[in-house]
Amino acid sequence: MGRKFRLMLFLSVMLILTLALAACVGDPDDEPASNESHDDTSDESNETTSEDNKYGGVLTVAMIDSPMRLDPIDYSGVYESHVIRSIADTLVVYSEDLSEIEPSLAESWTISDDMMIYTFDLREDAYFQPGEFQDGRQMTAEDVKFSLERSANDSAMNRLRGIESVEVIDEFSIEIHLTEPNAALMAMLTDAGNSILPKDEVEGHGDDFGVNLVGTGPFSLEEWATDDYIQLTRHDDYWGQTAFIDELIWKSISDRNMMVNALRTGEVDIAIGIDGQNRQIVEEEEEISLLTTPGLSIEYAALNMDSGPTADKKVREALNLATNVDDLIEGVFQWGGAERSYLPLPQDSWGYFEELEVEVPGYDPERAKVLMEESGYPDGFETDIYVIESRSSHAQILQNQLKENLNIDASVNVVEWGTFSETAASGNAPIYIMGWSWYPDPDFFLYQMLHSDQIGSLGNGYGYHNEDVDELLSLAVSETVDQEERTAIYHDILELVVEDMPRIELTNVEITAGVRNNIQGFNVRADNTFIITNDTTNVWKED
Amino acid sequence: MIKFILKRFIDLIPTLLIVITIVFVITRIIPGDPAIVLLGPQASVEDVNEMNQKLGLNEPIYKQYFHYIANLLQGDLGDSIAYNNQSVAGLILERFPNTLILGISAILIALVVGVTAGVVAAVKQNTVIDYSVIVMSLVGVSMPVFWLGLMLVLLFSVNLGWLPSIGIGNLEDGFWNFIKYLILPSIALATIPMAEFARITRSSMLEVVNHDYIKTARSKGLSELRVICKHAFKNSLTPLLTVSGMQISMMLGGAILTETIFSWPGVGRLIIDAIDKRDFMVVQGTVLFIAIVFVLVNLVVDILYKVVNPRVNYSSGKGGGK
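Line by line, the protein sequences give chains E and G.
To convert, note that position 135 of the first sequence is 135 in our numbering; the numbers rise steadily by one, no gaps.
Take any residue in the second sequence, count from 1 to its spot, add 1000: that is its number in our numbering.
Hints listed in this document are in silico derivations from the structure and should not be mistaken for laboratory results.
Treat the hints with caution; some may be incorrect.
[What the hints assert, rightly or not] Derived pair list, reagent style DSBU-like, types lysine-lysine, alpha-carbon separation capped at 30 angstroms:
#1 Lys199/E x Lys314/E
#2 Lys1215/G x Lys1306/G
#3 Lys199/E x Lys1054/G
#4 Lys1234/G x Lys1215/G
#5 Lys145/E x Lys1306/G
#6 Lys54/E x Lys145/E
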């Protein structure tokens, strides 16, 4: 009998387990949200925690991708720049609200009247992390010259363009000589790709420097397990605030649901990039907060200006009028994560022109039909929309709207990134949906996407060509470095572009992170840089 | 026997060559230039060409192929494209122990639980126990690994907080710390073979228990336990062995999904990441490696088969029962 009983028990347990597992599917989480309460407690503890209590602990940050290379001049993904930024510093950085450029390794700078020479005074208290070829020496002008010239000459990423030479003036000052005036140079210098590196380490390691990154930053590279995690430890000789955290671990979790689960169990403290239904799950969890900010990241449908029906301005206007962007956003971003975008520039860029939003055609299918008739397409036409997998729902909704409102038969081609970029850049896509995201400086959006010199590259794959715009775009970087004067020029450009309607502006995408409530001092930034420790931010972990 | 093993070894060569060729062709055909993926959208045409030259990808495909085979013959799997030129063999050898640990623990769970359930079901044929084993093995076989993995994590990590959800434990932190990371991925990986073992054991046991010699054994007055364990179970082992070989091989496929879900740093995780990054060399190397493991497991099963059941004649090239 005993044996029989044990058997029955075993089988019942198995059965119950199976049922319990099945039951989990239908009910994600029934705990009510209580966001207000923990916000209050965190503020309180902010005041009561003394400096000493903030030190210590291991901070684990999860991201969906696994970094390949950490050599600044080679990195190709944003997630790689997150890691690089915690190890190495650039000459200058963007302020947290992205409104201006602030000192980092450079303490001050002057720009010559002809805008051809930029002079930088370097801080004298920056030390590299100890490595194989030096034991934590001081950073000097030689390193800056070496790093910037290396980026300008050797990087396929072209993150530093138009550099004639970098001259060492004395031990702690340098001059950058340009080939032509370029007001966007300072923005380029904020890129993690232009981090300052120790010459001896880079040359010593050669091709392996990417796995042995050394810089002047708050953390030093300790251990790297390919496609698994990267472990950093505090750099005690850091020139900014000494990091509160002992260890920083960047963990790659390649499934978004699992990333959120790990956040819920506390196995990771911060998870970068929360989207879709996971936003809701994170918001409902008491122990976690969802941080969001509108990002420097836009999505749009580009309309071919060169060939096909969309070469006709009236057709482009009709397509704009026939697209219900709000519906599209509601369909694609059911759980939030994006706002409507009006201009080819994200709202957080300093060149944004809010007053112009009213000039952008709203949803008016009746007027669209009239325009289609006028341009000779009363019964619509056939066309193709190219898109990558992650934006395929954008394309399907657009396809439906165009069919319903204008009887346009658009077939959606969901292609892989390699194929997409080739098709779009070569001007072979009648319509394509893509996203763009870069520095707050409008030049990195407007020049790249609208100057006729960029036709044939991914930025201006729709073949936009307007001589006035070309001229103003060049003027905006060569005439002055004054932000206000440049803003005025960019406003003129935006006006001309809105008139031409080369694209349908869709969304301004949010930057998000899920954060455990015991993590303090962390915030998401619109430019998608994740800062754990620098001279103004210092994240700590409460027990 | 030695002649038999040798012959089977030689038979493996064409199989592996076909695998190598297919993988090589597929990685070249799928869209997405590794140089573009590597360099990012801002890279100029010249940069991309230069990178392709460096990687040897602008040569005619047949040249690349012969080059690859020539290197393989010298035991060189090449260097990774995406991961800082690390050697592919090094990457795989670093990962393989992790996959092995996961695989072995999953197969142990599957065998112990699956076979026991199968034997019990057969002995208690047409009872509630039997039916529940049948139903559960059906559920088990049809459960997608990634879904099961998520459910296990939701229950045991998120809701109950008993076990970690991702990663691998460090043995230096103690044995239990290591085991605790192993439990959920092993169960996820074990589910399908477990169900399969239960099913096969049950049906082959049923076939055996109705044979005359079992009746004879019973009539001799042997205890039921002895009859089942010694006579019936031993004789129903052959089909179980066949299925085990297949299941162990198929487990490598399951391991790819399991490792991805649980962030378990094994060969499966490596291959998924490499495909994502268009790292041809790592994809080729890992697939070849998995193929070798696959055929070796099958070879071992065949040998065991012959040991358990010497009547099997392999000279005709066909396996199978009597």
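Hints and how they fare:
1. As the CA atoms of Lys199/E and Lys314/E are separated by approximately 57 angstroms, the hinted pair breaks the 30 angstroms bound.
2. Between Lys1215/G and Lys1306/G, the direct Cα distance comes to roughly 27 angstroms. Compliance with the 30 angstroms bound is thereby established for this hinted pair.
3. For the proposed pair Lys199/E and Lys1054/G, the alpha carbon gap of about 24 angstroms is at most 30 angstroms, so the pair holds.
4. Restraint check: the Cα-Cα separation between Lys1234/G and Lys1215/G comes to about 15 angstroms, which is no more than 30 angstroms; the hinted pair holds.
5. Of the pairs offered as hints, the one joining Lys145/E and Lys1306/G is violated, with about 71 angstroms between alpha carbons and a cut-off of 30 angstroms exceeded.
6. Annotation: proposed proximity of Lys54/E to Lys145/E is violated, straight-line Cα distance about 37 angstroms (limit 30 angstroms).
The structure does not agree with the numbered hints 1, 5 and 6 stated previously, though it agrees with the rest.
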